[in-house]
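Participant: Chain by chain, the residues run as shown.
Protein chains: 4
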Amino acid sequence: MSRFPDDNPLPEKAPLLSWRARMHEVIFEADTPAGKAFDVLLIVCILGSVLAVMLDSVKSIRLAYGPLLTTVEWIFTVLFTIEYLLRLFSVGKPLKYAGSFFGIVDLLAVIPTYLSLVLPGTHYLLVIRVLRILRIFRILKLVQYLSEARMLMQALRSSGRKITVFLFAVLTMVIIFGSLMYMIEGEAAGFTSIPRSIYWAIVTLTTVGYGDISPQTNFGQVVASVVMVLGYGIIAVPTGIVTVEMGQAFRKKGVSTQSCQECSADGHDPDAVHCKYCGSKL
Amino acid sequence: MSRFPDDNPLPEKAPLLSWRARMHEVIFEADTPAGKAFDVLLIVCILGSVLAVMLDSVKSIRLAYGPLLTTVEWIFTVLFTIEYLLRLFSVGKPLKYAGSFFGIVDLLAVIPTYLSLVLPGTHYLLVIRVLRILRIFRILKLVQYLSEARMLMQALRSSGRKITVFLFAVLTMVIIFGSLMYMIEGEAAGFTSIPRSIYWAIVTLTTVGYGDISPQTNFGQVVASVVMVLGYGIIAVPTGIVTVEMGQAFRKKGVSTQSCQECSADGHDPDAVHCKYCGSKL
Amino acid sequence: MSRFPDDNPLPEKAPLLSWRARMHEVIFEADTPAGKAFDVLLIVCILGSVLAVMLDSVKSIRLAYGPLLTTVEWIFTVLFTIEYLLRLFSVGKPLKYAGSFFGIVDLLAVIPTYLSLVLPGTHYLLVIRVLRILRIFRILKLVQYLSEARMLMQALRSSGRKITVFLFAVLTMVIIFGSLMYMIEGEAAGFTSIPRSIYWAIVTLTTVGYGDISPQTNFGQVVASVVMVLGYGIIAVPTGIVTVEMGQAFRKKGVSTQSCQECSADGHDPDAVHCKYCGSKL
Amino acid sequence: MSRFPDDNPLPEKAPLLSWRARMHEVIFEADTPAGKAFDVLLIVCILGSVLAVMLDSVKSIRLAYGPLLTTVEWIFTVLFTIEYLLRLFSVGKPLKYAGSFFGIVDLLAVIPTYLSLVLPGTHYLLVIRVLRILRIFRILKLVQYLSEARMLMQALRSSGRKITVFLFAVLTMVIIFGSLMYMIEGEAAGFTSIPRSIYWAIVTLTTVGYGDISPQTNFGQVVASVVMVLGYGIIAVPTGIVTVEMGQAFRKKGVSTQSCQECSADGHDPDAVHCKYCGSKL
Numbered sequence: 000m001s002r003f004p005d006d007n008p009l010p011e012k013a014p015l016l017s018w019r020a021r022m023h024e025v026i027f028e029a030d031t032p033a034g035k036a037f038d039v040l041l042i043v044c045i046l047g048s049v050l051a052v053m054l055d056s057v058k059s060i061r062l063a064y065g066p067l068l069t070t071v072e073w074i075f076t077v078l079f080t081i082e083y084l085l086r087l088f089s090v091g092k093p094l095k096y097a098g099s100f101f102g103i104v105d106l107l108a109v110i111p112t113y114l115s116l117v118l119p120g121t122h123y124l125l126v127i128r129v130l131r132i133l134r135i136f137r138i139l140k141l142v143q144y145l146s147e148a149r150m151l152m153q154a155l156r157s158s159g160r161k162i163t164v165f166l167f168a169v170l171t172m173v174i175i176f177g178s179l180m181y182m183i184e185g186e187a188a189g190f191t192s193i194p195r196s197i198y199w200a201i202v203t204l205t206t207v208g209y210g211d212i213s214p215q216t217n218f219g220q221v222v223a224s225v226v227m228v229l230g231y232g233i234i235a236v237p238t239g240i241v242t243v244e245m246g247q248a249f250r251k252k253g254v255s256t257q258s259c260q261e262c263s264a265d266g267h268d269p270d271a272v273h274c275k276y277c278g279s280k281l
Numbered sequence: 000m001s002r003f004p005d006d007n008p009l010p011e012k013a014p015l016l017s018w019r020a021r022m023h024e025v026i027f028e029a030d031t032p033a034g035k036a037f038d039v040l041l042i043v044c045i046l047g048s049v050l051a052v053m054l055d056s057v058k059s060i061r062l063a064y065g066p067l068l069t070t071v072e073w074i075f076t077v078l079f080t081i082e083y084l085l086r087l088f089s090v091g092k093p094l095k096y097a098g099s100f101f102g103i104v105d106l107l108a109v110i111p112t113y114l115s116l117v118l119p120g121t122h123y124l125l126v127i128r129v130l131r132i133l134r135i136f137r138i139l140k141l142v143q144y145l146s147e148a149r150m151l152m153q154a155l156r157s158s159g160r161k162i163t164v165f166l167f168a169v170l171t172m173v174i175i176f177g178s179l180m181y182m183i184e185g186e187a188a189g190f191t192s193i194p195r196s197i198y199w200a201i202v203t204l205t206t207v208g209y210g211d212i213s214p215q216t217n218f219g220q221v222v223a224s225v226v227m228v229l230g231y232g233i234i235a236v237p238t239g240i241v242t243v244e245m246g247q248a249f250r251k252k253g254v255s256t257q258s259c260q261e262c263s264a265d266g267h268d269p270d271a272v273h274c275k276y277c278g279s280k281l
Numbered sequence: 000m001s002r003f004p005d006d007n008p009l010p011e012k013a014p015l016l017s018w019r020a021r022m023h024e025v026i027f028e029a030d031t032p033a034g035k036a037f038d039v040l041l042i043v044c045i046l047g048s049v050l051a052v053m054l055d056s057v058k059s060i061r062l063a064y065g066p067l068l069t070t071v072e073w074i075f076t077v078l079f080t081i082e083y084l085l086r087l088f089s090v091g092k093p094l095k096y097a098g099s100f101f102g103i104v105d106l107l108a109v110i111p112t113y114l115s116l117v118l119p120g121t122h123y124l125l126v127i128r129v130l131r132i133l134r135i136f137r138i139l140k141l142v143q144y145l146s147e148a149r150m151l152m153q154a155l156r157s158s159g160r161k162i163t164v165f166l167f168a169v170l171t172m173v174i175i176f177g178s179l180m181y182m183i184e185g186e187a188a189g190f191t192s193i194p195r196s197i198y199w200a201i202v203t204l205t206t207v208g209y210g211d212i213s214p215q216t217n218f219g220q221v222v223a224s225v226v227m228v229l230g231y232g233i234i235a236v237p238t239g240i241v242t243v244e245m246g247q248a249f250r251k252k253g254v255s256t257q258s259c260q261e262c263s264a265d266g267h268d269p270d271a272v273h274c275k276y277c278g279s280k281l
Numbered sequence: 000m001s002r003f004p005d006d007n008p009l010p011e012k013a014p015l016l017s018w019r020a021r022m023h024e025v026i027f028e029a030d031t032p033a034g035k036a037f038d039v040l041l042i043v044c045i046l047g048s049v050l051a052v053m054l055d056s057v058k059s060i061r062l063a064y065g066p067l068l069t070t071v072e073w074i075f076t077v078l079f080t081i082e083y084l085l086r087l088f089s090v091g092k093p094l095k096y097a098g099s100f101f102g103i104v105d106l107l108a109v110i111p112t113y114l115s116l117v118l119p120g121t122h123y124l125l126v127i128r129v130l131r132i133l134r135i136f137r138i139l140k141l142v143q144y145l146s147e148a149r150m151l152m153q154a155l156r157s158s159g160r161k162i163t164v165f166l167f168a169v170l171t172m173v174i175i176f177g178s179l180m181y182m183i184e185g186e187a188a189g190f191t192s193i194p195r196s197i198y199w200a201i202v203t204l205t206t207v208g209y210g211d212i213s214p215q216t217n218f219g220q221v222v223a224s225v226v227m228v229l230g231y232g233i234i235a236v237p238t239g240i241v242t243v244e245m246g247q248a249f250r251k252k253g254v255s256t257q258s259c260q261e262c263s264a265d266g267h268d269p270d271a272v273h274c275k276y277c278g279s280k281l
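Protein chains in written order, with numbering that gives the first Met the number 0: chain W, 0 to 281; chain E, 0 to 281; chain B, 0 to 281; chain A, 0 to 281.
If we strip away everything but chain W, and leave its shape as in the complex, we get (with noise of 0.2 angstroms):
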């Protein structure tokens, strides 16, 4: 398993590590039993945070269980603050590791609940705690899931600006739609007000369907077929991009892992004989 970028720079088989180094060994990787146990851990206690504030909404449970709920969840908020104070004095770079994504997420994860001490209305910091599940995304980091979700990202990724140009046009077509259908249908079938209307071109073209606004007069359910056959043919169209991009990045995970013995260039397809970049042979 090789080391990520934000890992302590003493080298993996040093026969004395600084027990900061074996923190950050057990907290940040995940290739000694140690390691492994503390991320199950981990994930135990994310999934039974996150289980405590679903149960902690559902009104009767909390009326039943709710001291029982409040308890677990200072035990899950301060076993996260130890963790979080733990991650932030093993790493090398405290502030570098504090500002990035996983640590805001970390530090997110602890304070609502220090927050519902000083402020009334913990009824909006209950969401912010309900992020703590992304940071299960930190142990997948560490997984041999990794491979799979960098592949699926690289090709969303390069395929992100013919998305963006079809968001554009989709953007354009339910404007234009939910202007009409407010024309067309008015008041009385729910079309109060532009806005509304581009809400119900966007629950039609993507064939969400709700049926709680839907076209009374004739005319309207003509333009409402234009806009359902519409949205039922232009989804091959993120799909055809996605398709395409994902199939050139699996090709190239195809491609021979072979890099070349002069200018260690890699990336040959795997019929290759000569080094695309230097012309010697592979």
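In short, the hints are calculated from the structure, not lab data. Remember, it's a predicted structure, so these values are computed and weren't measured experimentally. From the three backbone atoms N, C-alpha and C, an ideal C-beta is built for every residue, glycine too. Treat the hints with care, as some may be off.
[Claimed, not checked] Cβ-Cβ distance ranges computed for the label pairs, FRET-style:
1. B:Tyr113 to A:Arg156: 45 to 51 angstroms
2. E:Thr69 to W:Val225: 49 to 55 angstroms
3. B:Trp73 to E:Leu78: 55 to 61 angstroms
4. W:Leu166 to A:Trp18: 38 to 44 angstroms
5. W:Ser157 to E:Leu78: 57 to 63 angstroms
6. A:Gly159 to E:Ser99: 49 to 55 angstroms
7. A:Asn217 to W:Phe101: 53 to 59 angstroms
8. E:Thr216 to W:Lys92: 39 to 45 angstroms
9. B:Gly189 to A:Leu118: 24 to 30 angstroms
10. B:Ala36 to A:Leu68: 55 to 61 angstroms
11. A:Leu114 to B:Val117: 58 to 64 angstroms
12. W:Phe101 to A:Gly159: 46 to 52 angstroms
13. E:Leu116 to W:Gly47: 42 to 48 angstroms
14. A:Asn217 to W:Phe100: 32 to 38 angstroms
We have chain W already, so just place chains E, B and A on it with the hints.
Facilitator: Leaving out everything else, chains E, B and A in the frame of chain W:
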């Protein structure tokens, strides 16, 4: 037709088959006239019994034809019991069969009816009887559709990890958006708890859109629009994954593994007789 | 334009065509000015008659313009009857035509109106009249869109077996999940019988989501969520199958048009240097 | 940045540009600082004016800020009028511009407001004002997203015929199934006429599923299930078409057209320096 792993080890063309081997051939295989007739009969019985269970659940039919349906049910149960015992008897290793997937399904096909004699509340046993439909796949296993099914399964299995990563991302999105909507909309609009809001998020993201819960506030509709467009767009991800994997699974079958003896080029079409690069005979 | 199998066997450039052959050319073909004019007229009549049937079903229009619509209907019926008789007469083998798919559709286009004279209850004959729309495909057969349609049909036909396996799996899932929901939700939530619950499962798995039946209990919503995510995900399977098959069907067209000078085989890859069947240079 | 066909024919680096040419450069192009600033300003104005139209349609906002919105509307209208006149003036052939797609859109952006002075019923003019959003594409035309948009358009255009055949088949299915359901369900379930039943068929086939009309009889639900599974399955067709066409459109861009001077092999990656088959310099 190739033999399956659980086949009787006797050679197929042995002049004298023991009656147990012959019974095995009829029950477990499909390449003799008797075996085919048995399979057709079995399909008829399976479909008939599942149909009987379905009809039995319709109140008006149960009131009118209750006793008839009970009789039919018992006939099928006795037939399936005999079949199960014959399978146990004719197979080489009865215990291994009894513990296999189809062994358990075969047992579950008969047990609920006997249990209904001693236990009240057959209601819950009803569904187990529907599992008989799974027995259809036993026949599928023996016929020509096997290779298509295997190809599909292979494509799905090789895309399993990427699909897992995708499902993981979907789960995270659904939890976060569900919690967000719980906070925004509140109880008035039906978002009574986070689990229920997550249910709404799944209904919306998968573009099912029942409309039993739908956002009422302006901001809620904006967030819902984001979830819809997201769901509409990211369906491209599993589609792309499966398409690419299928392309590879089908291509593997489609390309001959032969390589030219002269220039050792490969990638020849299955029907190629000569190397397409140097012209020498394959 | 190549001639079709049911064409008159007379050579196209014969200086003297019998009037029967000339009639055949006008009615069955599209490569003469008269033939094109006939086709355009036919399309107008077909669309007009289907439109008349549709308008006739709208109560307010039927009350206001009933007699007019009946007159229009009889005019179209007489025209189609004449056309049918002319087709019967001009074709080489009248019985073969009468028994062909389009022969039956042509007959069904006129019979209902005559039947309405003797039989009461034209209501059920109405829909048969709508089948006239299928006659449009007769014209499609003659024009340039044919090759695209043939290519699509070829891709669908070659993926037919895999699609069958997929539909089989969907059917099984729908039966099992439907029965499960019948057990979980019961009659209160609208799951009044297994067939009706299977209908719900189809509505949900295909992401249609009417919302006329929707789960009310917590556990029912969990199972429904599984069905939704499943339906959302497995749409990748038919899409993948058809995409891959289309890729192959279109690529075959993209295949080199070169044919071997020795063995006159074609279908060579664009990069082939030698004929892959006989080895001679292309 | 290449110039567009409607560009002024003066060379870009001419030391002295007439002020008309310079104005053209600012208004129609995006490769000078002034041109970019103009584009950004224009985008702000377009989005601002569309937002004003939207807000004006919300009753509560109109009642509270009506006069303000009218003032804003007039400011944007005057700005767009000045811009339109400047475009007319600075372009080489004003009439050709006025008759072009964007020329008409530019005119439609200002006319409704002036018409509202003389005509009552601005309600219907509202939607025309929303068409201003199309002017955004004018800016898109000038920026880097152009090539992605062009690639998407190319893939869609080359799949246009196949999509047409598909839409034709969908239309036929929808008419036949709609009529069938009108016959089966009748007026009680909301299937009051064939056009309305066709609307239902479109809602169902495209998996939108509002639920405002849904089958009530058993046979109607069976037919509806067939329509749903059909709609769920045949979405694979447009997706397959577009994916394959995109694969070809992207591949064309993706492969260098260079061929090796030694062995004249081609299909090299765009970044290849040496032939991957023989190693000679490209």
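Participant: The structure should be examined with respect to each hint, and the outcome stated for every one.
Facilitator: Each hint tested on the structure:
no. : hint                                     : result
1   : B:Tyr113 to A:Arg156: 45 to 51 angstroms : 47 angstroms, holds
2   : E:Thr69 to W:Val225: 49 to 55 angstroms  : 53 angstroms, holds
3   : B:Trp73 to E:Leu78: 55 to 61 angstroms   : 59 angstroms, holds
4   : W:Leu166 to A:Trp18: 38 to 44 angstroms  : 39 angstroms, holds
5   : W:Ser157 to E:Leu78: 57 to 63 angstroms  : 58 angstroms, holds
6   : A:Gly159 to E:Ser99: 49 to 55 angstroms  : 53 angstroms, holds
7   : A:Asn217 to W:Phe101: 53 to 59 angstroms : 55 angstroms, holds
8   : E:Thr216 to W:Lys92: 39 to 45 angstroms  : 43 angstroms, holds
9   : B:Gly189 to A:Leu118: 24 to 30 angstroms : 51 angstroms, violated
10  : B:Ala36 to A:Leu68: 55 to 61 angstroms   : 56 angstroms, holds
11  : A:Leu114 to B:Val117: 58 to 64 angstroms : 59 angstroms, holds
12  : W:Phe101 to A:Gly159: 46 to 52 angstroms : 47 angstroms, holds
13  : E:Leu116 to W:Gly47: 42 to 48 angstroms  : 44 angstroms, holds
14  : A:Asn217 to W:Phe100: 32 to 38 angstroms : 55 angstroms, violated
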